[in-house]
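K.L.:
Listed below are the residues making up each chain.
Protein chains: 2
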Amino acid sequence: MDNTAKIATVHRYVEAFEKSDISIIRDMYAPDAVVEDPVGSEPHVGIDAIVAFYEGALAAGAKLELTGEVRCAGNAAAFPFKVIMPGMEIAPIDVFEFNDEGKVQSMKAYWG
Amino acid sequence: MDNTAKIATVHRYVEAFEKSDISIIRDMYAPDAVVEDPVGSEPHVGIDAIVAFYEGALAAGAKLELTGEVRCAGNAAAFPFKVIMPGMEIAPIDVFEFNDEGKVQSMKAYWG
Chain A
1 MDNTAKIATV
11 HRYVEAFEKS
21 DISIIRDMYA
31 PDAVVEDPVG
41 SEPHVGIDAI
51 VAFYEGALAA
61 GAKLELTGEV
71 RCAGNAAAFP
81 FKVIMPGMEI
91 APIDVFEFND
101 EGKVQSMKAY
111 WG
Chain B
1 MDNTAKIATV
11 HRYVEAFEKS
21 DISIIRDMYA
31 PDAVVEDPVG
41 SEPHVGIDAI
51 VAFYEGALAA
61 GAKLELTGEV
71 RCAGNAAAFP
81 FKVIMPGMEI
91 APIDVFEFND
101 EGKVQSMKAY
111 WG
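Top to bottom, those sequences are chains A and B. Residue numbering for the first sequence is 1 to 112, as defined by the UniProt record's numbering. Residue numbering for the second sequence is 1 to 112, as defined by the UniProt record's numbering.
These are computed hints drawn from the structure, not numbers from a lab. One or more of the hints may lead you astray.
When chains are identical, the list treats them as one kind, so a pair holds in a single copy or across two.
Computed cross-link-like contacts, DMTMM-like style, restricted to lysine to aspartate or glutamate with a CA-CA straight-line distance of at most 25 Å [as the list claims (entries may be wrong)]:
id, residue 1, residue 2
1, Lys82, Asp21
2, Lys82, Glu15
3, Lys63, Asp100
4, Lys82, Glu42
5, Lys19, Asp100
Just so you know, these numbers come straight off a predicted model, no measurement behind them.
Here chain A stands alone, though its shape is the one from the complex:
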């Protein structure tokens, strides 16, 4: 998977929040993906649990804004961004690991 495709996935991720479009989330993750957000919390395992998690975030009106470049290395991409919600703002770094089909297999969010 080349870096252009990894970066495109990150931009689609931002777009999913912008448009509040859960179908983008469902499409970008592998069926057996694992999302740990934040790292140290109980992971969301499998696409249904992941979609339910994001539906909550989209319903809360969360929007994303990249605050630095997307770093690509090996099968992974790491990027810093802001999550802007009514009355709240956090500044995570997310790490996506991709599988051979170009889907996100693992997501870890670093913030706290």
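Let chain A serve as the given structure and place chain B on it in line with the hints.
P.N.:
Chain B alone, transformed into the frame defined by chain A:
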């Protein structure tokens, strides 16, 4: 391990390059730590291999500059920074995972 201690380790890491002081590197990593820099390359396993890797970077005159806040989550810290070397600059995101003794057990560097 509290976030203050994790952030202090990141600042000591920057200091190690500033002072070209390999003893800081030796002290902050666990004896059986693993460093993958960049992710996707052959990891440096164990403190002797890690020290040899950093001795190369220090000898090259590399300096570090944080470009955003240190994000702490669970047993980990993630941070964006610049590596400034004569004629070259890269902008990685590093992720440190700490063990129960407060030493860095795993380091992954995302850049490419």
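K.L.:
Does the structure break any of the earlier hints, and which numbers would those be?
P.N.:
3 and 5
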